[in-house]
Every structure is written in C-alpha cells, then in structure tokens.
Amino acid sequence: MTKPADPARIAPPTQPTATATHCPYCALQCGMSLTPLEGGEAPVEVTGRDFPTNRGGLCRKGWTAAELLQHPERITEPLVRDADGALRPATWDEALERVANELRRIQAEHGKDAVGIFGGGGLTNEKAYLLGKFARVALGTSRIDYNGRFCMSSAAAAGNRAFGIDRGLPFPLTDVDTADTILMLGSNVAETMPPFVQHLAGARAAGGLVVVDPRRSATAQLTDDGAGTHLAPAPHTDLVLLLGLAHVVINDGLLDSRYLAERTEGLESVIRSVAPWWPERVQATTGVPADLIRSTARRLAESARTGSCYILTGRGIEQHADGTDTVTAAINLALLLGLPGSPRGGYGTLTGQGNGQGGREHGQKADQLPGYRKITDPDARAHMARVWGVPEASIPGPGLPAVELLRTLGTDDGVRALLVHGANVVVSAPDVSAVRDGLRRLDLLVVSDFFLSETAREADVVLPVLQWAEEEGTMTNLEGRVLRRRRAVEAPEGARSELWIMNRLAELLDAPSAFPTEPEVVFEELRSASRGGLADYSGVSYELLDTGAEVYWPYPAGSSGTPRLFAERFAHDDGRARLVAVRAATPSWSPSRPAPEEFHLATGRLLEHYQSGAQTRRVAALSTAQPEPRLQLHPAAAARLRVADKAWVRVTRLGERATQDAAPSSSGSAAAGREVLCRVELTLDIRPDTVFLPFHFPGLAAANQVTESRTDPISGMPEFKTTRVLVQPADFPPAGDPDADLICASQHEGRSS
Amino acid sequence: MTFIPDHAGPERGSAPERIVVVGFGPVAARFVEELRPAVVAGAAQLTIVGEEEQAAYNRVLVADLGVGRTSLASMQLADAHELAADGVHVVLGARVQRIDRSRRNVHLADGTAFPYDRLVLATGARAAIPNLTGLNPDPQHPVLPDGVTALRDLADAERLAEAVRGRKRVVVLGGGVLGLEAALAASEEGASVTVVHHGERPLGRQIDAAGGGTLSSILRHQGLCLARNARATGIATGPDGAFRALLLDDGTAVEGDLLVLACGARPRKELAEGAGLAVGHGVLVDHRLGALHTEHVFAIGDCAEVRCADHLCAACERSSGPSGLIAPGWRQADWLAASFRARLLGEPAPGPLPEERPGVILLKARGVNLALAGGVQADPWDAEAWEADAAAGRAPLEVSLWADAAHGRYVKMCTRDGVLEGFVALGMPRAAAELTLLFGSGAELPADRSVILRLDGPESSLGRPGTAAGPESTLCRCAGVSRGTVQEAVVGGCSTVEEVSKATRAGTGCGGCKDSVRELIEQHFAVVAA
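So the sequences go chain by chain: A and B.
At position 172 of the first sequence (counting the first as 1) the number is 171 in numbering that gives the first Met the number 0, and the numbers step up by one without a gap.
At position 235 of the second sequence (counting the first as 1) the number is 234 in numbering that gives the first Met the number 0, and the numbers step up by one without a gap.
Among the hints, erroneous ones may be present.
[As the list claims (entries may be wrong)] Using C-beta positions, here's what the derived DEER-type ranges look like:
| id | chain 1 | residue 1 | chain 2 | residue 2 | range |
| --- | --- | --- | --- | --- | --- |
| 1 | B | Arg415 | A | Asp224 | 32 to 42 Å |
| 2 | B | Thr473 | A | Glu267 | 29 to 39 Å |
| 3 | A | Pro595 | B | Val142 | 52 to 62 Å |
| 4 | B | Glu487 | A | Gly84 | 13 to 23 Å |
| 5 | B | Ser322 | A | Arg723 | 21 to 31 Å |
| 6 | A | Pro595 | B | Asp249 | 51 to 61 Å |
| 7 | A | Arg709 | B | Glu487 | 31 to 41 Å |
| 8 | A | Arg592 | B | Glu487 | 48 to 58 Å |
| 9 | B | Asp447 | A | Arg304 | 39 to 49 Å |
| 10 | A | Gly84 | B | Pro349 | 42 to 52 Å |
| 11 | B | Arg415 | A | Arg723 | 51 to 61 Å |
[As the list claims (entries may be wrong)] One-sided excerpt, in silico: chain A residues whose CB lies under 8 Å from chain B:
| id | residue |
| --- | --- |
| 12 | Gly56 |
| 13 | Leu57 |
| 14 | Arg59 |
| 15 | Pro275 |
| 16 | Glu279 |
| 17 | Gln282 |
| 18 | Val287 |
| 19 | Ala624 |
| 20 | Arg629 |
| 21 | Ala635 |
| 22 | Asp688 |
These are computed hints drawn from the structure, not numbers from a lab.
Since the structure is predicted, the reported quantities are computational estimates derived from the model, not experimental observations.
Even for Gly, the Cβ is constructed at its ideal location relative to N, Cα and C.
All chains should be built: construct the whole structure from the sequences, respecting the hints.
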C-alpha cells in the first residue's frame, strides 16, 4: 500500500520571507503577514497586512494567533480510546484502520445513514468540498451538516427567498465606507470583528450609524457623541421594530416606487402585513419610542434618496426561532428603500466564521451539493454524478439539519458513528447536555482537531490536523471574495491534513472516484463541480488568486467575477426580487407576573474569544483578559436578587417543556444538569429584564447548557438569543464537583497575572 | 317550511363548513386572514360581507389620512382579489339587513341570502353622535349637516382633509384620545384648532390632576386652543345649512368651519339585537367568543362584549365592556380563528383566551409624548388609602412622582408590590416606552425608580460620562492595550500615533482609539515643553 505524499511534509521555503495570508479566525479574514521567527514562543511573527477588509488592522485574536502553532497542548499523534476508556497514542495506520473497520461494520448493520459527518464553517473550501464528497461518495450517507447551521442559516434562507442567491455581502465591504447611514441589526462588530469598525467611520461622521441591540454593546456605544442612534428593543422584538420601520416608510410615502415596480414582486402583501404596526403600537411591544422609529425611518429614506444607505444584519436578529422572518423583514425594508443592487446602498448579512461563506456553498449542508446547488435538483445531481464519476442514483438525498442531526445521535434509527471536523459541538450547540449525552451513546466518535477540545475528549478516535499557517487552501470571506490561505511554517511531525485523512479513509473504504490530497487539485475539482451553479467558481484558479486579483463569486470561466450582485437583475428566474410578507404574533398579556429571578438570556461573544474558545482559551493573553464567562446583569436587577458584583449565580432554564426529544438520561427534575454556574458583572449596558452570557466556555460555565434546541422552521437555526431563565445566587465553589475545577483553574489563572 | 334545529351539529360528511363574517373592518380582516388555511384546504366556505366599498383598512390611521399624512393604499389590511383567489367570497358595499337564526341565513338589503353553519359578527362600532340642537337625533342613521363630521371612515377623513388643506378653523368636540390625536394632527398640518372638552382637563377620565395639568399646558404649547369645562348644547348653522359655531351651555359659542365629533364610539349591536341575541353594551359573548345561549353565532372586536352567563365570573365583573381599542379585537380574531382551525383542520386547540387588562393609551402625535395606563388617581401621601390597604390585607399602593411642568415632563408610577397598577409618562419617551413594557409584563420595577427616569437623561443619548481613566484602564480594546502602556511608550520616545501603534499595537484594530493616543502624545509633549 503506497501512501500519497503528505503535502505537510514538503519543506516550506527556507529563506525568512514573509508569507501573505489571512487570519485564522472570523469572516473578515484580515490580511496578515507571517514572518519566520527564531527562538520565540511562536515560529512566526504576525503583522497586519494592508488588505481592503482590515487595512492593516488586527484584533487581539489575530495578533496572538501564532501562539497556538507550537502550543504545548497541541495534539501531534492520533489518539484512540482503549479498553479501559482512556485515550492513548496510536499510529495513523492503527487509528484509521479502526475508524474504517468500525464505519464498515456500523453501515453494514444499521445502513448508510448510521454514519454522520459534522463539519465546520472554519474549514477551507477544499476541505468543505471534500467532506461533502466523502459523505456522499465514500460513505453514501445523507447525514452531513455543519456548525454554520448555528450561525448563517437564517440569513441564508431569507437571502435565497428574497434574492434567489445567498452571498453575505453582495458588494465589496469598502462600498460601505461612503455610506452616510448604516442600520446595523444584531451585530456587535466592535467585539466580533474589530477592524470592521473602520468601515463605519463615514456613517459615524455623518451621524448616521444606527445600531439595533437590546444591549448597549461596544458597537452600540459607537453611536455615542452624535455619531448615530442606538435603538434598544426589548429582547426578541426586532421583527416588530422592523415592521414598524417599514410601516413608516410606506405610510409617509418614502418608498422607492419606481424601483419596486421595476425590480420586485410582492409589494402589496408587504404593505398589508405592516399596516397593523404603527409606531406607537411598535413602541408598546419593543420599548423603542415612537418618535425614534419615525426619525430612523426618515433618516434611512433620506439617505437612500440622496446619499448612501446600507442595512446590515448579524446573529443577534438571526439566531431566533423566527430568524428567517426577521431577516426577511430587514430585506423588505431594504427593498422598500430601493437599496439592493443600487450603486449607493444595499443589504448584507455579516458572516461570522472564517469560511462561513465558502463553507455554505460547497456541499457541507444537508440539502446541498457544490456550487450552492440543491441536492433535490435532478440537473444538479446529474452534474455532480458526472464530475464524481458515480451513478446519479448513488448520491443520497437531503439529510437532516444540524440540530436534528445531533438529536438522532445514538438513537435506534439515528446516527451511530459521527465524524467531527472543525467543530466543538459540546460547547457551541444548543442544549449541550443533550448533545453530550448523544455523543456518549454513539458507537464511534471520530474528532479531527489540533487540540483536545471538549468534543475531542468524548471521542473514540482523535486525529491531529493542521493549523492555518501550516496549510494551503482557499477561503471565501464575508464579501464572497475568494482568498488564498498560504503555508508559512512546517506542521508538527504527526499532524496530517484533513484532505490526507479523507484520502486514506476513502481508500480503506474502497470508495469510488478520487480524493486528492493536494489542495490545488481539490480546488480544480471544486471548480468544475461548481460550474453553472449559483456559487460558480469555475473561472477561479490558484494562479489567478496568487496575482492578487480581487475575486468575487459568481466567477464563471471566461468572466471577471462579480464584485456587485444585483446591479441588473436578481437571481430568481424572472430577475426580480421577492418581498415576502412576514408577520409577528399579536402581543399578548403575559399570563402571570414574572418571578423576580426571571430574565431573558441572550448569548453572544467577547472580543477576546472565538467560537467555542477551543483555540483562544489556550492563548495566555486572551484567557488572562477573559478567563471566565461573566453574566451581565443590571444593577437594579442585582439589587433585587441581592447579589453583588462578581457574586456567583446559578442560571437555569425556565419552564422547560417536556418535549418529545427530551433525552432519556434527564430524569427527575426536568432541568437537571441544565444550568450554568458563573459570576455576575454588573453593568448599565443591559436592560434590567435581560442577562447576557458569552458562550465560549465549557462545562458548568457553558451558556449552551441552558439554551433550547427549538429551531426556525425554515432554516433550522436554533434559538440562541432569548431563553427565559432564572438567575439565583449560588454558593460556590460547590465541593467535589469535577467540572468546578475547570472554572476554578481558569479563575486562578486569571488572578495569578 | 323546513325546520332546522338550532342545535344541529356542523358534521356533514366532508362538505366544507359554511362560515359567514358580517363586517369587514380590521378585526374581521384579521380573522379571515387567519382562517385562510382552512379555506385553502377546502374545510371552510367563507363569505365576508362589508358595508363599505373598501376591503378592510387601518382605521387607527383615519386621522392621519385626514391630515394628509398617509394614503389609503398604505392603510390596506386586506385585498379582496387575493382573498377571492383563495376561494373566499367577498361582498363589499352591502348591508346585512337581518339574521334568520332558525334557518341560519344572513339576508342582505338587496334580498340576497347567505346560509351559514357558523356566523361571526364583526360589525364594529359607530361614532357616538351627541345630542345637540341642530344634529339629527337618530343615532342609528345620523345625517350630519355640512361642516360636521365624525372621524371613523374614509368619507370622514376626506371631510377633515378638505378643512386642513384649506387651513380652516376646526373645532374638535371631545377631549379623549381620538379628539386629541385629530386636533394635534390637524393643528400641525396647518389648521387652527380648538378642543372643546368636559371637566378641567382633557383625558379627564384617565389622567390625574397634575398629569392633566401638564398635558393641557403641553397642548397649548403645541398651538391648540382648549375650551375646558365646556358643555355643548347645540350647533349654529349658516344660511347654507353648514356648521358655523358650536354653542355651549354658558351662552358662548366656538366658531369654526368644521366640527369634528370625537365623543367615543358605540358598538353596532342592532343586527344581533334584531336576531334575538343577548346584548349589553355590545353583543354579549362568553369566554369562547360565542354569543350567549347559541352555538353558531360568534362576535369579535368592537361589537363584542365579553360577559358570560355566570354571574359569579370574576373576570366578567372586572370587565367594563368593549374597550374600543384594536389590540383586544385582534387577539380575539386570532383566538377565534385558531379555535375554528382546530376544529376544521385538526390543529391543536388554543389555550383559554387571556383576560384583557386595561390597555395602555399611547397618544399618536408627533409633538406630544404621552403614555398612560391603569389607575393613576392615587395621591402619594394618602394615609387613608394606606390604612384601607392594610385593613384589607393588601400591599400598599405606592406612588412615585416626577414633575417638571415647566419643561413638559411628568411621570407617575403607581405600584403595588413593585408591580405597576397604573402610570403616566409625559414628555419622557424612553421612560414611557419602558413603563409600557413593564405594565404589559407585570414585572417588578427597579426599587430605585429613578432608573426609569434616567432612561431619558443626557447620559442615554450622549454616552456615559467617562470615568476617570487610570493607567490600568483599557485604551485600545481591540489589541487589549492599557492607557499606562501607551503612556510608557510615549515617554519612551514614540511621538506619533504610528510609532505608538508599532510599539504597543494600540490603534491597530478598529483604529477607534487613535484620538486618545494622539491626546496622550500631545499631553506629554505639552508638559515636556512647559
């Protein structure tokens, strides 16, 4: 058996020249240079590189990213769980053979769909593509989905519904620089992608940054001193606020009638749907003063007519069980003002994960084939069958979206073996206790990661993979711009690329078709796979990208790409955008007076941490700055609870319904095990009826212990932003709780510096 | 003659249930919208009969339409063609003359009859016409002289529009919400307006003395003339028969070109009454919105009065008849449609219809911000009331006040156990919005009530006053650089922002702190130079 050459083993260039690449973290994909460094903690020095999205700026996460490359906790050899239940080192051959044998056995006994793949929005396009192919061709399973379901799916569903296509920003980010009004809904870029804030400077100078957030977030504070307006609706009332803004635009005759007539369908039904939401009624639901609603709508309209106006959405309004409808309401507002496709404005969603855009285009989604094709579309299936050289009938149909997929773990008809790539579901999925129970019911859990993440700790086999600076590939940033990720350092002995792992497994499973290990070869296949699809990359090559060209998809062969979508037409067959009427429930009296300990819980992010924190919690500077999650609480609420700043509290989910999916292990009290222990941080920046908890932390401090697995009916997006919880003072640390050590350890770390 | 027993069940094999809705206002539109799935599924055959030529529009905005602030197209709540395409039978411009309950038929004035299995009355309300000399006294079919109008439908809006366009003198009779909203809108759009009202102050039945006083002065400041303590007795008309002046019982007259009657609304119950249904203020319905002592007739919205047959029902005892507000009507429409869908489509049945609480009055006006709800008459220093509460074993009613009449600001919060029983907020929009939410949720107010007042303070709109920034404080959030670190860099020789950024990474993220860095550099060199 001859193994293909491992690309990671090929020595990088020897002379100490800087490698131009991009940050490993968020979708802004800041340009950075990596210069080899002798004898430092990190093998390379990170510097900001002038690139349109970051203009040389980086945040703390980016500055310190290289510290993980030679981190002492890095896994550098495969681990397998032995008979005693402990993870022990193994050779690659042993680990992969065990995986392949188990996969064969499980599929033989329980069918193809008994094996699932859980991917990630941080994986390169090449990995995302090959993972989808591996699922459909090598495993023949329909059960593949990814963590992007937890972030982008609502915006994607709404974008597809309205425009017929889903590219986060349908224009280059620098277009926003000239805006005099920007409406940002549920996005906290000042924490999540700080260099983005540079692009808000124009709107702030014009006094036109409007931030909608129940919290006075760092981004909301950018509106201070006349730079704009902060609208703070009560939690989960964004949809009503948007309907109210549309109501004013329509009733005050501020809509762009010509644009609506020429380029859209569905205006009349939207007019009727917003008619019941006059500003005072919106005020009664949202707590946003009616006059502020009117003046905001007028400002937007004025700017759309005479200046430059953008509407941008983020997870705050999307991560809801009605997230798709809320994004649709934002898009409707943009369409009423004639923004999408206009040279002086537009609508966009700010993709979160590093390759959250590319990751949702190339076949990691349960319902999708490469090129953003539908897996149910016969033409798409025939095309992919040709590219892959397999019979069309062998390509499985649609699988299950992430939350549902995780719900089936270890159940009779569900997934019994799961391969996890670039995700840490034990921290990031909703209702993590149920997810962990599911993982423990599996026959086989294989996790590819470079650290022993909380999910990897549950695994039967852990496969060590490469980090960003050790690999080649492409990423597609929040603008739909395709970027090159470049190798700057040699990977540790023992770590392998995921492409190599899939190649080996495919061979062991006697899979048809090819599983190349060279990223560029995979990309060439991705090009032909995407040809003719919505996300067409067929005109893109490494050679083109290496010239520094600005490459925006769709980029069909022979074209020069599409920096701005919708200038002439939308992607529906008739070229028109769809206004889709959405409705908010008639507000009702709350049935009973809430308990004094009752709050709305919103989860979210801190500047210092990325996603599940598996990486950033291991960077000393970041974990020192934010060693533990603090529950943001208003002082007036704290006085009522009689808790002081930094006091320990217990957060439990309220009124947990006995749902059909309740895990069998949760006996006794319905909320057993579903609580968070953390300390409070008193702040005036939050409403007295709301608490906020960052979700980057594991174990007892995991915010997703208490989030619900209720999902949006259209997108499958979980409800992350408004869980009703009880907050009660806690005696801490409780004796003998193993998870408590984790918190205490991080506590200690925090104090020792 | 065929006799059809009134108690015959609806089960008729698979034939669709025949549902007739009388009235096509906002509440009926909502009900029809919510019932569409059953029509589309073929489980219901739906007929809706409206008296106006228009399908439902948002009546709440009639005053806005009357002053030219919106258009009819923007106010539409339903589209007859779209409904028809779904299979709904829509009849516009038709008046239902009577209901034949024994045969279960609805008869129109033109002789057409529609059979029903279930009948939903959503006939709404009509403007109350006061008993004034010179006005037609027949309340069912008022014929108003030229220059006199109510403010309820499109024709009324057009009469107001004409007066506003001509910058005429408008007299508004009635100091309630509708009157004030119309008066303010007309005044802002250029008419000269006098509001004639009972009692010392407008909104006299809802607001307390100090709040009402503050409101009066705000209204005058907005350019309205107020005729208080006024009892109108009649109108004077010119030789053309058109309105000239409103006559008051003190012998004075308020002259004007248009009289707007804003004296409340009366439920339209006569159709129900004629069909032998039980009526009070409105058509009496139980907690399932069924007309009392019937199985096939329902009523929702302004025409319905929830008052069940159980004389001991506590919820009904608390009720004070139809509210005249739109939100309760929409809730009823949602609920009734859901209960119909449950029966017709097998959807889960809705939970019990929640009991309505007193609504929040939010004045729809551009220059005046008023929110008002519940009981607000209590006096903050009323020892007798405390004793009464104590004797009754109740928590005391506590009253918090903020009055700044000179600047048109007034907030009163009446709470029991920290929960609002009533409030007034004038000129404090953020406090008003927050109190509205708290009144709705029944959540406890912050013990420090000034938290609410401070929402409208300067720190909310201008940002927090900065706390004294020590060397420990973070200067650059993106890169996590303290003020002290930057100061050290400057002392160490960095003299430009770029040099500081290179040395410390401050300013290398969003760049938002560059001004602070520059300030520190300038401070340092100013000190050095001195």
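Verification of the hints:
no. : hint                             : result
1   : B/Arg415 to A/Asp224: 32 to 42 Å : 41 Å, holds
2   : B/Thr473 to A/Glu267: 29 to 39 Å : 52 Å, violated
3   : A/Pro595 to B/Val142: 52 to 62 Å : 58 Å, holds
4   : B/Glu487 to A/Gly84: 13 to 23 Å  : 52 Å, violated
5   : B/Ser322 to A/Arg723: 21 to 31 Å : 29 Å, holds
6   : A/Pro595 to B/Asp249: 51 to 61 Å : 54 Å, holds
7   : A/Arg709 to B/Glu487: 31 to 41 Å : 51 Å, violated
8   : A/Arg592 to B/Glu487: 48 to 58 Å : 54 Å, holds
9   : B/Asp447 to A/Arg304: 39 to 49 Å : 45 Å, holds
10  : A/Gly84 to B/Pro349: 42 to 52 Å  : 51 Å, holds
11  : B/Arg415 to A/Arg723: 51 to 61 Å : 24 Å, violated
12  : Gly56                            : 5 Å, holds
13  : Leu57                            : 6 Å, holds
14  : Arg59                            : 5 Å, holds
15  : Pro275                           : 7 Å, holds
16  : Glu279                           : 4 Å, holds
17  : Gln282                           : 5 Å, holds
18  : Val287                           : 6 Å, holds
19  : Ala624                           : 6 Å, holds
20  : Arg629                           : 15 Å, violated
21  : Ala635                           : 3 Å, holds
22  : Asp688                           : 6 Å, holds
Checked against the numbered hints above, the structure violates hints 2, 4, 7, 11 and 20; every other hint is satisfied.
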